[in-house]
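Going down the list, the protein sequences come from chains U and B. Mapping of the first sequence onto my numbering: position 79 corresponds to residue 69, and the numbering continues sequentially without gaps. Mapping of the second sequence onto my numbering: position 93 corresponds to residue 125, and the numbering continues sequentially without gaps.
Just so you know, not all the hints are guaranteed correct.
Per the computed footprint, the stretches of chain B lying under chain U, defined by three or more beta-carbons under 8 Å from a beta-carbon of chain U, are [unchecked claim]:
#1 183 to 192
#2 237 to 250
#3 282 to 288
If you want the footprint, here are the derived chain U segments under chain B, 3+ residues with CB under 8 Å [unchecked claim]:
#4 82 to 89
#5 128 to 137
#6 164 to 171
Simulated from the structure, these hints should not be mistaken for lab results. Every residue, glycine too, gets a C-beta built ideally from N, C-alpha and C.
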Amino acid sequence: MHPKLTRRQWIAGSAGATLLAGCNANRPPAAPAAPPQVSILRAPAYDQSVYQTMRRVLATHRLDVRGLTVVLKPNLVEFEPGSSINTHPLLVHAAYEAFLAAGAASVRIAEGPGHRRITLDLAEAAGFFRIVPKFEDVFVDLNVDDVTRVRPRTQFSGLQKWYLPNTILGAGLLVSMPKMKTHHLVGATLSMKNLFGTVPGAIYGWPKNALHWAGIAECIADLHAIYPRKFAIVDGIVGMDGNGPIQGDAKPLGIVVAGSDPLAVDATCCRVMRIDPFRVGYLRLAAADLTHIADQSIVQTGETIASVATPFALVPGFRNLRLAP
Amino acid sequence: MKAGVPEVGAAPRQPCHPMSIEALIGRQNRDGGWPYSRGGSWTEPTVYAVMALLSAGQTASARRGLAFLGSIARSDGGWPPCPGVEMSTWVTAMVALLGPNQIGAALHERAIRWLLDTAGEESSSVFRFREWLLGNTMPAGDAKFPGWPWIPSNAGWAAPTSIAILALDKEDRRQPSPRVRNRVNAGRQFLLDRACDGGGWNYGSAHPLGYSSLAYPETTGLALAALHGVRAPQVDRALVAAQRFLAECRSADALNWLRFGLRVHGKLPAGYCTPSGVEFRTIPETSLDLVMTAAEQGRDFFWA
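With these hints in hand, go ahead and build the complete structure from the sequences.
What follows is the structure, encoded as structure tokens:
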């Protein structure tokens, strides 16, 4: 016997079918030409050793950045003393030094926090002015950077045009440097969700509510497609679990995860956090054929996932993301 | 180190001027507008700079700023955040604050109309009907009183609602209108409904996803200004929080709005001056400091 549909179920089902039909209009990213490589490096603390760790990251991935304009995009959300909300400034500075040493023409640090307008005050409170010499000279507040209108290659979100910062659009290499955190709206926030910080608040507001209305997962997938030249370095030295990305608890792991394929990097981070990447909406959407996030298609170097994996506490709405034992 | 809460009537400190009017004029772009800190011209910093210049009697540079703003007005009555953006946004309220004598009567009237026609999407009947169909429940009060969004078709938020209230309240005092007054009152109720438990305002809901949100100094100051003349327990709690923020906070932007919010409620310490060591890094921070200082000396652009 077929169950009888209520009016709401019928409408929701019809809407879902329409959406699925619309998905055919998208152009999913092709399968990677070569298997994506993701490295997991031990980094026990925020100390001088992270400078060596960063040089190892670049060497491991044979990154040729000679002559390129490199933009480092950390995750700077809010500042609470003793919390682990933001990418640690020491790690960002270590990356800054490593990319310059590797021959980058210039390295900028850029971020557009999504909650508060006082970007430089947040950066100061988070320690960036103390740790990065002449921080203001190398930093760009993406919330108020000059913008260019962009029409995305994919149309997951339905947003026909985006206004995005020239600093990011002009980057020879965009390095997403998130904190490894759980997120109460999407499950996990890693290198791809970190791209939300490239969307200018001076146009879209604080928070960037337009992205919520258009669909968070869909917007992440669109942004991933808009920026073609990316590298990801995830701060997993101390992450955050529970009610992330702000009110969660510090989660020490002592690792840095990196790679040229953000999908593969985020999928690896999910496995480290004991989250099933196939159940994270934006990864499924952006990966389309799923080869970017399947563990058998990722070349894992450095530490094994098993040796560093630890379950991140999940808020009730996302406990279904837990990776099966 | 945390300082104590300052008391009203504390001893005056030396006045401080983070950037001179001349330096502000020197940062004006060729098109007459101002950047946030560097680069092209944007609507918001231009409005603040024009306010600062008019407060100081520098009309020539202000006129060039006003001409820039007039040149980018959109056909729907609103303003874009910067030239080239094909969308009217919350900055329309900033321009409306300038008043008809500055921006021109026709443009000002259209800006007021744009504000009256704009509301957070969550308060629209279409959205509420859709939520009902999907079986979603909204927290009580979340949709009852319309606030203002950052951009149309989005939800209402504390900061754009506060700026819109300031603009419409100013308009209602200039030219009383029941429609304007009703939106101001509804907007104020929107803010009161979103006051944080501990006093003050976050950028949005006080309990997103069931968790208590913490107040931000800058939003608290701004919302208090928009609640000028309102007596409510939420306002009382926010004033206590704002005085605490004023003593502890070292953000120029936050301190500007806190000064404003406390002053309109008569709670700004007499002779208050921004503490030394606070960095004024952007055009809005510098301009607002000048505007607030002028207001404290009786030349109040937000209310006059």
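The hints, checked one at a time:
1. 183 to 192: holds (count 7)
2. 237 to 250: It holds: at least three residues are needed, and the segment 237 to 250 of chain B offers 4 whose Cβ sits within less than 8 Å of chain U.
3. 282 to 288: holds (count 5)
4. 82 to 89: violated (count 0)
5. 128 to 137: Since 5 is at least three, the answer is holds.
6. 164 to 171: violated (count 0)
Comparing the model with each earlier hint shows violations of hints 4 and 6; every other hint is respected.
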